[in-house]
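Protein chains in written order, with the numbering used here: chain A, 1 to 83; chain B, 1 to 400.
Some hints here could point you the wrong way.
Taking CB as the label site, the calculated pair distances span [to be verified]:
1) Gly114/B x Ala30/A: 42 to 50 Å
2) Gly389/B x Glu21/A: 55 to 63 Å
3) Glu36/A x Val373/B: 53 to 61 Å
4) Lys66/A x Gln117/B: 50 to 58 Å
5) Arg34/A x Pro199/B: 50 to 58 Å
6) Glu54/A x Gly366/B: 52 to 60 Å
7) His107/B x Asp76/A: 29 to 37 Å
8) Pro292/B x Leu43/A: 39 to 47 Å
9) Asp48/B x Asp64/A: 31 to 39 Å
10) Gly114/B x Arg81/A: 14 to 22 Å
11) Arg3/B x Gln28/A: 41 to 49 Å
For the record, the hints were derived by calculation from the structure and aren't laboratory data.
The beta carbon of each residue, even a glycine, is placed where N, CA and C say it ideally should be.
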Amino acid sequence: MSSTTISRDQIETRVADALVEFGADRDQVAPDARFEDLDVDSLDLVELAQIVEEDYGVQITGEDMKTLPTVGDAVDFVEARLS
Amino acid sequence: VRRRVAITGVGAVSPLGVGAGTLIRSWLEGRSGIRDGAGRCADFDPADHLTRKELRRADRFTQMALAAAGEALEAAGFDGDPPVPGDRTACVIGTGIGGIKTIEDQHLVLEHRGAAQVSPLAIPLLMANAASGSVSMRHGLRGQCYGTVSACAAGANAIGAGVRMIQYGDADACVAGGAEAAITPLATAAFSSMAAISPTGVSRPFDARRDGFVIGEGAGVLVLEAEDAARARGAEVLGVVTGYGATADAHHLTAPEPHGEGATRALEAALADAGADASEVDYVNAHGTSTPLNDRAESEALEATLGARAREVPVSSLKSAIGHLLGAAGAVEAVATTLALRRGQAPPTLGWEERDEGLDLDYVPGVPRPLEVPEGRPLRALSNSFGFGGHNAVLCLEAA
Numbered sequence: 001m002s003s004t005t006i007s008r009d010q011i012e013t014r015v016a017d018a019l020v021e022f023g024a025d026r027d028q029v030a031p032d033a034r035f036e037d038l039d040v041d042s043l044d045l046v047e048l049a050q051i052v053e054e055d056y057g058v059q060i061t062g063e064d065m066k067t068l069p070t071v072g073d074a075v076d077f078v079e080a081r082l083s
Numbered sequence: 001v002r003r004r005v006a007i008t009g010v011g012a013v014s015p016l017g018v019g020a021g022t023l024i025r026s027w028l029e030g031r032s033g034i035r036d037g038a039g040r041c042a043d044f045d046p047a048d049h050l051t052r053k054e055l056r057r058a059d060r061f062t063q064m065a066l067a068a069a070g071e072a073l074e075a076a077g078f079d080g081d082p083p084v085p086g087d088r089t090a091c092v093i094g095t096g097i098g099g100i101k102t103i104e105d106q107h108l109v110l111e112h113r114g115a116a117q118v119s120p121l122a123i124p125l126l127m128a129n130a131a132s133g134s135v136s137m138r139h140g141l142r143g144q145c146y147g148t149v150s151a152c153a154a155g156a157n158a159i160g161a162g163v164r165m166i167q168y169g170d171a172d173a174c175v176a177g178g179a180e181a182a183i184t185p186l187a188t189a190a191f192s193s194m195a196a197i198s199p200t201g202v203s204r205p206f207d208a209r210r211d212g213f214v215i216g217e218g219a220g221v222l223v224l225e226a227e228d229a230a231r232a233r234g235a236e237v238l239g240v241v242t243g244y245g246a247t248a249d250a251h252h253l254t255a256p257e258p259h260g261e262g263a264t265r266a267l268e269a270a271l272a273d274a275g276a277d278a279s280e281v282d283y284v285n286a287h288g289t290s291t292p293l294n295d296r297a298e299s300e301a302l303e304a305t306l307g308a309r310a311r312e313v314p315v316s317s318l319k320s321a322i323g324h325l326l327g328a329a330g331a332v333e334a335v336a337t338t339l340a341l342r343r344g345q346a347p348p349t350l351g352w353e354e355r356d357e358g359l360d361l362d363y364v365p366g367v368p369r370p371l372e373v374p375e376g377r378p379l380r381a382l383s384n385s386f387g388f389g390g391h392n393a394v395l396c397l398e399a400a
């Protein structure tokens, strides 16, 4: 998949869907929401990294994830890697 | 003086439906939960019992344990403000195999999508102690917590362990039981390869035509408490666990000792532990798997233990109605036995028609048998569980 075909909106939606699947409340999923406050833990973040890798070919390690405390930070990271 | 152990709550998910009441009612009515050669819990929707996060973080055996534990704890009055502090409440849930569906699913991920896509939840879902850990976490049970692993005796061993903790004072309450969800392609194929599973798909324990067990799934959980404290708080006592005996055959990895020697010692140990005489047993909830070997060895063990009265005591197998729940069997059967004693009924062995040579007990064919309350003591039952590996566990249960 070419990076130019993926919009930020699409990444945001994919990440939000994943977080809701993990058990987060959709109402609370927003760019400035902290993973910790969404009750998204390290096991969930590994799954999120796997989804991102499978869907977009972007590799994120567990160490990367620790530097991404909010939903928006994660979306930024993926977007930056794609561009 | 050791403390007596009361049962103050029971819960079950079984092929007869969700709930302990459904289990005993349906069994007494002679209903079978076996369809197409398997005892599936078709009525169980995990989403009715678990949050979205819990659902993702639990293999099916743990989902069933959570549902059964929720029912048992609510019945015992532990929801909301529990009468026993979490620090004094233990949790022991047995399983034969653990999260085998997770193992099979994740192995496919490994094969087809590669190691990097194997779920980080694979291990916490598949581990055999996941049920006990998850139940403890959900209900804040912070005493001893572990799983028992003894194949088809695991549920009974879990209850026995919980009984001892309370008797000894290590805990004031214990949430004890068993869970299994192994109706999967690999487990079914493997049991079939051993010729343990009935090729005809019929569970008819003790019948001459029996040809193997029918695989089932489910969970059973009991809330055990020190009886004095339970009565003092006004809890409804459903029954009392007065004895526990456990032994090993040390004979063969899968086949029982042919004369039920290990089972006999477990039966005798349970009676001695209860301080009861073999002449004072009113009902036996048999392991009764419907395999040629078990049902013969178990009948011999009961003849040896119960002596002159062996052929007068009603002996029946719940597996005739739900199949073999493996590591959950002993717990679901303890739930059913407790409720059968409360109702004063020996439930039937469904499908028993043809006597087999040498299997001469009263297997309660077809319809339940009323139990007469004896003079001067409550109704008493033995519940047998035996597992591959040669594990034997027997519980002595009494009406409250």
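Each hint tested on the structure:
no. : hint                           : in the structure
1   : Gly114/B x Ala30/A: 42 to 50 Å : violated, 33 Å
2   : Gly389/B x Glu21/A: 55 to 63 Å : violated, 39 Å
3   : Glu36/A x Val373/B: 53 to 61 Å : holds, 59 Å
4   : Lys66/A x Gln117/B: 50 to 58 Å : violated, 21 Å
5   : Arg34/A x Pro199/B: 50 to 58 Å : holds, 57 Å
6   : Glu54/A x Gly366/B: 52 to 60 Å : holds, 56 Å
7   : His107/B x Asp76/A: 29 to 37 Å : holds, 35 Å
8   : Pro292/B x Leu43/A: 39 to 47 Å : holds, 46 Å
9   : Asp48/B x Asp64/A: 31 to 39 Å  : holds, 38 Å
10  : Gly114/B x Arg81/A: 14 to 22 Å : holds, 20 Å
11  : Arg3/B x Gln28/A: 41 to 49 Å   : holds, 47 Å
Comparing the model with each earlier hint shows violations of hints 1, 2, 4; every other hint is respected.
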